[in-house]
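Number of protein chains: 2
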Amino acid sequence: MVGIGPGGKLDRTRRAEEAIAACEVVAGYTKYLAQIVDLTAGKELVSSGMTQEVARCRSALERAAGGASVALVSSGDAGIYGMAGLVLELAAGLEKEIRIEIVPGVSAANAAAAKLGAPLMLDFAALSLSDLLVPWPVIRRRLEAVAAADLVVALYNPRSRKRTRQLEEAAKIFSAQRPGATPVGIATALGSEEERIVLTTLDRFLDCEIGMRSLVIIGNRCSKVVRGWFVTPRGYEL
Amino acid sequence: MVGIGPGGKLDRTRRAEEAIAACEVVAGYTKYLAQIVDLTAGKELVSSGMTQEVARCRSALERAAGGASVALVSSGDAGIYGMAGLVLELAAGLEKEIRIEIVPGVSAANAAAAKLGAPLMLDFAALSLSDLLVPWPVIRRRLEAVAAADLVVALYNPRSRKRTRQLEEAAKIFSAQRPGATPVGIATALGSEEERIVLTTLDRFLDCEIGMRSLVIIGNRCSKVVRGWFVTPRGYEL
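The listed protein sequences correspond, in order, to chains A and B. Each residue of the first sequence is one higher than the one before, starting from 223 at the first, in our numbering. Each residue of the second sequence is one higher than the one before, starting from 223 at the first, in our numbering.
Next up, chain A with everything else stripped away, as it sits in the complex:
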């Protein structure tokens, strides 16, 4: 399980590169394999589409059970909205014990925060607005708790073409607890040529372009903008 970072070559770790170099088979979502094409010459590639996570993990594990060394790549960090958990669960169901290593990476939230400034400087939560795998009432309860506890939040999977209501509800929940001028950062297509970084406010961010490749960070009551940077002060006396 290898996390390859948010997109560009420069944000990969050496451990990730060495792990991929050491494997015979490299498996992953087609788009992620395209990001590591410089590392996979001469290797067998097993690519698959976006929604075929279980099949992709199963076939990677089958190859590994057959004796091959397999690198299964995830963007960002494999352990955060990636596939590490799924692989470990599926592996536990196999008769044969497979040696698994998880290589951490720079997660999307870390990379987005660095582009925006330092919004995640201290206590924060990461929440996904996708209700494909977690029921919406659970997500809503988490949003309410995080909003009330004045935690900065990084929202993964904020909106898709068909799924727009969730982000609207989230905006309403946070607006009930924080001023309209609270900074909100939007990072889209990180590490790619279409990368777009937008700094806006809680009362205006719903009007911005936000899609499947976006990550939205909502500040807390202490967050502010200094010289164009989104900062959550850590509380040092300056």
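Honestly, the hints are just simulated from the structure, not real lab data. Keep in mind that a hint or two might mislead.
Since copy identity is lost for identical chains, a pair holds within one copy or between any two.
[To be verified] Derived DSSO-like pairs: lysine-lysine, alpha-carbon spacing no greater than 27 Å straight-line:
1) 253 <-> 265
2) 337 <-> 394
3) 446 <-> 394
4) 446 <-> 318
5) 337 <-> 318
6) 231 <-> 337
7) 394 <-> 384
8) 384 <-> 253
9) 318 <-> 384
Given chain A, work out where chain B should sit, using these hints.
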């Protein structure tokens, strides 16, 4: 501002290594500078102790204002319990505008999670138990909210020799909402030779060795242990 990852060379990104290589001056906490000694030959080093964050940032900024290229290093990710926010705030107070870049890194929580399995697989919170900079009632309210919302939590600065009450209170808060058998992972001195990874449970973890260099991850109601790995299932139908 350069995040150098959790400790070992292999978990640095190329962007971090290139940023340090491109600078004339490298500033940071003495221990962090020791971790990048392979990158700093021939460079001017400005090291300082653990509690001198403000002075360290100020002197780095002064050097930068004087025209030097300066890399200020943080362990893990500079933007998560690191110094990125402090630097941006201090820079805003200077007359001269300084060009600042923040280089993200693998954060301690990411690295600890990868060693333990996949505990942060989906929604989670990162909270620091240090009440030096944030008042304890605020931290306690956050712990209560996170516990009630069934979020996995990564606890930074869980305990020091003098500060032990906070972790006991946190244990009590989580025990009120989650079964005693909930998995708890403890990662200490990540990336160093003294690295220690312990997997235990909510009703027993307070008896484990936990100190300033530890990070504690408490699972949610779905978290489980499979073949020795700490996993929070993402909800895929297997």
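Hints, one by one, checked against the model:
1. 253 <-> 265: For residue 253 and residue 265, only the intra-copy Cα distance (17 Å) is at most 27 Å; the inter-copy one is 39 Å.
2. 337 <-> 394: within (26 Å within a copy, 38 Å between copies)
3. 446 <-> 394: For residue 446 and residue 394, only the intra-copy Cα distance (20 Å) is at most 27 Å; the inter-copy one is 34 Å.
4. 446 <-> 318: Between. Shortest inter-copy distance 20 Å satisfies the 27 Å Cα cut-off; intra-copy 53 Å does not.
5. 337 <-> 318: Between copies only: 21 Å across, 44 Å inside.
6. 231 <-> 337: For residue 231 and residue 337, the Cα distance is within 27 Å both inside one copy (16 Å) and across copies (24 Å).
7. 394 <-> 384: within (19 Å within a copy, 42 Å between copies)
8. 384 <-> 253: within (22 Å within a copy, 50 Å between copies)
9. 318 <-> 384: neither (41 Å within a copy, 47 Å between copies)
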